[in-house]
Every structure is written in C-alpha cells, then in structure tokens.
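Visitor: Chains as they are written, first to last, in my numbering: chain U, 1 to 300; chain F, 1 to 381.
Any given hint could be a false lead.
Said to hold, decoys possible - Derived list of chain F stretches under chain U, where covered just means 3 residues or more per stretch with a C-beta under 8 angstroms from a C-beta of chain U:
no.: 1; stretch: 207-213
no.: 2; stretch: 281-289
As the list claims (entries may be wrong) - Derived lysine to any residue pairs resembling SDA-like cross-links, with alpha carbons at most 25 angstroms apart:
no.: 3; chain 1: U; residue 1: Lys58; chain 2: F; residue 2: Gly286
no.: 4; chain 1: F; residue 1: Lys274; chain 2: U; residue 2: Thr48
no.: 5; chain 1: F; residue 1: Lys274; chain 2: U; residue 2: Pro229
no.: 6; chain 1: U; residue 1: Lys58; chain 2: F; residue 2: Leu198
no.: 7; chain 1: F; residue 1: Lys281; chain 2: U; residue 2: Lys256
no.: 8; chain 1: U; residue 1: Lys132; chain 2: U; residue 2: Asp95
If you're looking for bench data, these hints aren't it; they were derived computationally from the structure. Remember, it's a predicted structure, so these values are computed and weren't measured experimentally. The C-beta atom is built at its ideal place from N, Cα and C for all residues, glycine as well.
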Amino acid sequence: MIYIDLTNVSKSFGSGTEQTDILTDINLQVKKGEFIAIVGYSGTGKTTLISLLAGLTKPSGGTIAVDGASVEGPSPQRGVVFQNYSLLPWFTVKDNVALSVNEVYGDASKSEREQRILDSVEQVNLTPALSKRPGELSGGMRQRTSVARTLATNPDILLLDEPLSALDALTRSVIQDQILEIWQKRNQTIILITNDVDEALYMADRVIPLSVGPGATLGPEVSVDLPRPRDRRALHTNPSARKMRHELISYLLAQKEKERLQQSNEPVVLPNISPIDISMHKPSWFRGLRPKKRKVLQSL
Amino acid sequence: MNSTTASSPTTVEGLHPAKKRFTYNPNQVAHTLDKLGLGYFSPIARLIGRDEPSKQVKAITQNTLLPVLAFIIVLLAWQYCAGTVKTDSQKIPSPAETWVAWKDMLAFSAAEKSKEKDYYQSLNERVANYKTMAFQARDSGNLSRAESIEKRISKENAKVYQGTTTFFDQIGISILTIAVGFLIATLIAVPLGILCGLSPLVNTALNPLIQLFKPVSPLAWFPIVFVFTTWGIDQPPAASIWQRALFTSAGVVTLCSLWPTLVNTAVGVAAIDKDHLNVAKALKLGWFKRIWKIVLPSSLPLIFTGLRVSIGVGWMVLVAADMMSQNQGLGKFVWDMYQNGDTASTAQIIIAVLFIGAIGFMLDRIMLVFQRLVTYEEQSI
Chain U
1 MIYIDLTNVS
11 KSFGSGTEQT
21 DILTDINLQV
31 KKGEFIAIVG
41 YSGTGKTTLI
51 SLLAGLTKPS
61 GGTIAVDGAS
71 VEGPSPQRGV
81 VFQNYSLLPW
91 FTVKDNVALS
101 VNEVYGDASK
111 SEREQRILDS
121 VEQVNLTPAL
131 SKRPGELSGG
141 MRQRTSVART
151 LATNPDILLL
161 DEPLSALDAL
171 TRSVIQDQIL
181 EIWQKRNQTI
191 ILITNDVDEA
201 LYMADRVIPL
211 SVGPGATLGP
221 EVSVDLPRPR
231 DRRALHTNPS
241 ARKMRHELIS
251 YLLAQKEKER
261 LQQSNEPVVL
271 PNISPIDISM
281 HKPSWFRGLR
291 PKKRKVLQSL
Chain F
1 MNSTTASSPT
11 TVEGLHPAKK
21 RFTYNPNQVA
31 HTLDKLGLGY
41 FSPIARLIGR
51 DEPSKQVKAI
61 TQNTLLPVLA
71 FIIVLLAWQY
81 CAGTVKTDSQ
91 KIPSPAETWV
101 AWKDMLAFSA
111 AEKSKEKDYY
121 QSLNERVANY
131 KTMAFQARDS
141 GNLSRAESIE
151 KRISKENAKV
161 YQGTTTFFDQ
171 IGISILTIAV
181 GFLIATLIAV
191 PLGILCGLSP
201 LVNTALNPLI
211 QLFKPVSPLA
221 WFPIVFVFTT
231 WGIDQPPAAS
241 IWQRALFTSA
251 GVVTLCSLWP
261 TLVNTAVGVA
271 AIDKDHLNVA
281 KALKLGWFKR
291 IWKIVLPSSL
301 PLIFTGLRVS
311 IGVGWMVLVA
321 ADMMSQNQGL
331 GKFVWDMYQN
341 GDTASTAQII
351 IAVLFIGAIG
361 FMLDRIMLVF
371 QRLVTYEEQS
381 I
C-alpha cells in the first residue's frame with residue numbers, strides 16, 4: 001500500500017534563459033508508517049523537496065499524492081519541522097505550541113487544547129521551559145519546541161528538514177531517540193532530510209541519497225534491515241551496517257567528484273574590476289590635487 | 001534605590017526552603033535604567049551596589065562634568081550675545097533677565113489662578129444668596145419674584161471665568177493637541193502601512209503619493225486643514241477646551257507626522273522573516289490570525305521606531321501650527337510674546353523654547369521605552 005507517491009516530480013526556479021533546475025525526475029514511494037531518510041549535500045535541493053511535500057511550493061512537473069489524493073497546498077496532516085526552527089520569537093514555548101494546536105483543534109474545548117499543548121511539550125521534556133521565549137533557549141531546546149509544535153497537531157506525516165544539523169553531537173543523539181520513540185508510539189510516516197549518513201542509518205528504514213544539482217535526483221536506495229531498537233555502537237561494528245555506510249558514502253563522494261569535474265571544465269571567468277582608488281575617500285580638495293586619478297574614478 | 005527591581009537569589013528546589021530575601025542587584029537596576037533611557041543614572045545605581053566604585057565615580061564625574069561644562073559655555077555665549085545683539089526696541093535678554101521673566105511668569109500664573117478661585121468663590125456666594133432669597137420669596141407666596149430669581153441663578157451658574165490662559169495651561173493644551181494629532185496619525189498610518197507592506201500592489205499605488213506629501217511643510221498644509229475643520233467642526237463655546245483651532249492644529253500634526261510611521265510600518269511588514277510566514281502557511285493560519293500573531297508582532301519594533309520619529313516631527317510641527325491656527329498652545333504663546341516685541345517677552349520666549357525642548361525630549365523618551373518594550377530578542381542560531 002503506497003501512502004506517499006512522488007512521480008517524475010521536478011522543480012525549477014525562474015524561466016527562460018534564467019531557469020535553474022533544482023530537482024528532476026524524483027520518484028519515491030513511501031508506505032504508511034515508514035521512516036525514510038534522504039541524505040545529500042547542502043544546496044542540492046533537500047529543503048525544496050520538503051517544501052514540495054509540505055505543499056508550500058508547487059512542483060514544476062510531475063505529481064505528488066498522499067493517500068491517493070494530490071497535494072494542493074499545506075495541510076496540518078503533514079507536519080513540518082523546519083531546519084532553522086522557525087519559532088516565533090515574541091511567543092513563549094507554550095504560545096508557540098498553542099498557535100498550531102488552536103489552529104488545528106479550534107473546535108475542542110479550552111481545557112482539552114491546554115492538555116494537548118502540555119502533553120506535547122512534556123513529550124520533548126520541555127515542561128520547565130514552558131514560559132520561556134526562544135531567545136532564552138539553547139539550540140536543542142528550540143529544536144525540541146519546534147518538534148513539539150509540529151507533534152501537537154498529531155500529523156500523519158512528519159517532514160523533518162535537517163532538524164538536528166545545527167545541534168552538537170550529544171544533544172543530537174538525545175533528540176534522535178526522542179523522535180524515534182514518538183514515531184514508534186504514534187506510528188507516523190516520517191521523511192527525514194539530513195546530511196549525516198550515520199544519523200540516517202540509525203533512524204531510517206530506507207536511506208536514499210540525493211545527487212548533486214543542478215537537476216538533482218534520487219540515487220540508489222539502501223534498505224536498512226537492522227533490528228530495532230538499534231545500537232549506535234553496533235552501527236560501527238555490524239558488517240551489514242558498515243557495508244551500507246560504505247555504499248552511501250561512495251555514492252555521495254562520487255557525486256562530489258562529478259560536481260568538481262563539471263566545474264573544472266568551465267573556464268573560471270574573473271570579474272572585470274579594477275581596484276578602488278583610496279584617494280576617493282579623501283576630501284574633495286585633496287582629490288582636486290590629483291586630476292589624473294579623477295578620470296579613472298569617474299569611469300568606475 | 002529601587003527595591004522593586006531587586007530579585008531574590010535563585011534557590012535549587014528541594015534543597016533549601018525558598019528564602020524570600022531581597023538583595024539589591026546593581027546590575028539589574030542599571031540595566032532597567034538603561035532600558036528606560038535613563039542610562040545617566042546607571043553608574044549611580046552601580047555605585048550604590050558597590051560595583052567597581054572607582055570606575056563608577058569616574059563615569060559619574062565624566063557624565064556630569066562634560067555636560068555641565070558645555071552648558072556653561074552656552075551660558076557664556078548667551079551672556080555675550082545679550083550684551084551685543086541689540087535693536088532699537090529690544091535686545092537679547094541675558095540669562096539673569098530670563099530668570100526674572102521666569103519668576104514673573106510663575107507669579108502671573110499664580111495670581112491668575114487665585115483670581116479665578118476668587119471669581120468662583122464670589123459667584124458661589126452670590127448663587128447661595130439668591131437661593132435663600134428665592135426660598136424666602138416662595139415661602140412668602142411671591143411666586144413671580146421667586147421665578148425671576150431662579151432665572152438669575154441659572155444665568156449665574158452658566159458664567160465661566162474669562163481670564164487669560166497661563167503658560168502652563170498652554171502647555172497642557174499643546175500636549176492635548178499633539179495627543180489628538182498623533183493618535184489620528186497612528187490610526188491612519190499603521191493600518192495603511194500594513195497594507196502597503198503586505199501588498200506590493202497597494203504599495204505601488206500609494207508610494208508616489210507618500211513621496212509627494214512627505215516633504216510638505218506644515219505651513220502649507222495649514223490652510224487646507226483649516227478649510228476642512230471650519231467645514232466639519234462647529235465652533236464650541238469659548239469655555240470648552242475642544243476648540244476648533246485645536247483640531248486644526250491636530251490635523252496639521254497628523255498630516256506631517258503620519259509619514260514616518262507609515263513608511264516604517266510598510267518596511268517592517270515587508271521585511272518579515274520568510275520562515276515565520278512559512279510557519280503560518282504550513283499551519284494554514286487565517287488572514288486575521290496571520291496579521292495579528294505573525295505580521296504585527298514581527299514588525300512592532302519598526303512600527304515603534306516610526307512612531308518615535310513621528311512624535312518628534314509632530315511636536316516640532318505643532319508649534320508652527322499653533323501659531324497659525326491660534327490654538328491656545330505653546331506656539332500661540334510664542335506668537336503673542338513675539339507680537340509684544342519687548343525684551344521681557346523675548347525672555348519669555350526663551351523660557352518657552354526650553355520647555356518645548358524638554359517636553360519634546362520627554363515624549364521621545366516615552367516612545368523609546370515603548371520601543372524597547374516591544375523589541376523581542378532576535379532568534380539566533
């Protein structure tokens with residue numbers, strides 16, 4: 001049973017000669033309850049892919065369908081955790097979470113909504129920081145708030161856009177486990193975008209690399225058939241895990257090499273500029289003493 | 001110095017019973033003062049808390065000595081001008097003469113107040129007399145006489161003291177005028193600015209008009225506003241403070257001071273973080289909620305920056321507007337004194353100038369405090 005279905009999806013920005021292809025020929029089928037990780041270099045269109053899935057932007061070609069219905073716009077059913085947290089700095093943790101709860105559960109009673117807010121904040125262990133503003137929180141706490149805000153509406157699909165890339169390694173592993181725990185409890189479908197192969201292997205059922213742009217597309221997928229709960233240490237010793245990592249990293253490195261070769265074929269055009277004459281910054285009476293230089297200046 | 005801002009020390013829950021002990025936290029008090037725009041006093045607050053005393057003493061002497069020095073230089077220059085700048089009929093008054101003029105103004109205002117008090121006292125006595133007379137007349141059955149006395153009572157009651165408006169009344173009128181003008185300007189500029197920031201179409205439509213009207217002098221607006229207020233506002237009785245001239249002045253203030261707020265609001269709304277808008281989109285927030293919860297809070301700092309500039313412009317414009325509309329404000333005071341044309345009047349104008357400056361400064365500080373209150377800590381990764 002295919003739940004999320006991307007067929008020949010492409011996305012480009014601009015038009016005419018200025019058109020830049022970001023994504024081409026994206027084909028991806030995800031089953032309900034699956035945990036998919038997409039790994040790739042930064043700047044290859046990972047965030048664009050999430051925006052497409054979330055419905056924040058429309059594909060230039062191809063179709064995206066969730067549960068048989070075409071995606072026409074954003075929906076609370078598909079919760080997004082943004083790369084840069086995107087918390088509203090003028091709201092407290094509670095109000096940030098309340099924003100989404102009130103929007104999605106507007107019909108529910110006040111106490112019910114309140115309970116939902118408190119529950120989802122508790123789920124990411126942020127209850128002590130309920131009344132703090134994002135400016136007073138550490139990076140990890142902000143990211144957990146962002147996760148809580150998305151979880152509070154109980155979405156069927158979680159779209160995680162590099163949620164942990166700005167965090168230190170220790171905080172990262174804590175939140176990874178929290179996300180896994182929530183996923184197993186609620187049986188959601190998760191698409192995780194990341195640039196960390198180990199993170200992808202630790203968390204996902206399937207890992208799919210993204211090639212480098214322009215016109216990035218999905219590479220050969222790797223099915224992670226390791227039993228859960230997984231052990232971080234075992235990932236480094238388990239032969240099949242090592243093989244998977246090797247496969248993924250080889251692919252990504254080959255992509256990088258390809259990009260380098262592409263670039264080196266093109267001659268590097270240096271910008272046609274002349275150095276700024278610092279006498280320009282001297283007072284005008286001083287400049288007047290050097291009439292030859294003034295002509296150069298005017299041509300700048 | 002300020003016990004309300006002192007905080008109790010943080011205690012670890014469960015380890016110590018929470019002790020409510022107020023300690024003076026010089027750092028916190030100093031920060032509060034800085035936030036209120038009273039940074040001048042923060043070294044004093046730190047000194048009281050024994051926070052690097054020698055550094056604070058140095059800061060205090062520097063903060064005090066230098067302005068005092070500059071003030072003395074200005075006083076000397078003033079004194080010099082007073083001795084040299086002379087016309088046939090008047091001269092620049094010296095600081096001493098200005099001081100005398102200030103004393104006179106205080107005395108005049110006090111005398112005026114006591115006159116007003118006497119007037120109402122004697123009026124009340126007369127009314128009381130009439131009342132007993134009317135009562136007696138009614139008692140003795142002379143109804144027509146009682147009625148005529150009662151008529152006189154109501155006539156007396158309607159009387160209002162027709163004294164001269166004092167300098168301090170005029171300050172009050174000026175502040176009232178700017179409050180009205182500034183309020184109207186805000187009510188127009190903020191919604192319009194939000195529209196401009198949200199919609200490039202509205203912005204394209206309004207931008208030429210904004211650019212065209214922004215640099216217009218208040219003196220040029222005045223005749224146009226005058227026509228509008230004369231047409232739209234009935235002249236109230238002389239005793240009312242809501243004179244037509246007040247609204248004319250307020251209208252000129254509005255027209256001159258709404259532009260900074262309008263432009264800043266538009267910029268603030270247009271510069272809203274794209275991530276925040278994405279959140280609104282992903283949550284499918286409605287139009288009103290999007291404005292109220294996302295757009296407005298994120299642009300508030302810039303809106304208040306605009307309001308602060310606006311109130312400054314408005315106060316500057318007000319004096320000129322009052323002169324032309326003959327609104328009983330500080331501008332009228334300056335105009336009347338100018339018409340007198342003697343040295344003592346010029347001295348009073350100098351006093352008025354100092355007051356205009358001080359009130360403008362106060363208005364600016366008030367807006368600064370608001371501005372700092374709404375400025376949230378920027379989210380940083």
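Visitor: Need the status of pair Lys274 of chain F, Pro229 of chain U: alpha-carbon distance at most 25 angstroms?
Guide: Given that 25 angstroms is the threshold and the Cα spacing comes to 38 angstroms, the pair is violated.
Visitor: Would the hint linking Lys58 of chain U and Gly286 of chain F be met if the CA-CA limit is 25 angstroms?
Guide: Answer holds: Lys58 of chain U to Gly286 of chain F is near 20 angstroms, not above 25 angstroms.
Visitor: Can the restraint linking Lys281 of chain F and Lys256 of chain U be considered satisfied, given a maximum Cα separation of 25 angstroms?
Guide: violated, 34 angstroms
Visitor: Please count how many residues of the stretch 281-289 of chain F have a CB within 8 angstroms of a CB from chain U and say whether that reaches 3.
Guide: holds (count 6)
Visitor: Taking only the CA atoms, is the gap from Lys132 of chain U to Asp95 of chain U under or equal to 25 angstroms?
Guide: holds, 10 angstroms
Visitor: CA of Lys58 of chain U to CA of Leu198 of chain F, is that 25 angstroms or under?
Guide: Holds, at about 22 angstroms.
Visitor: Given the hint that Lys274 of chain F pairs with Thr48 of chain U, does the C-alpha gap stay at or below 25 angstroms?
Guide: holds, 14 angstroms
Visitor: Can you confirm whether chain U covers the stretch 207-213 of chain F, using C-beta to C-beta distances below 8 angstroms and requiring at least three such residues?
Guide: violated (count 0)
Violated hints, listed in ascending order, are 1, 5, 7; each of the other numbered hints is respected by the structure.
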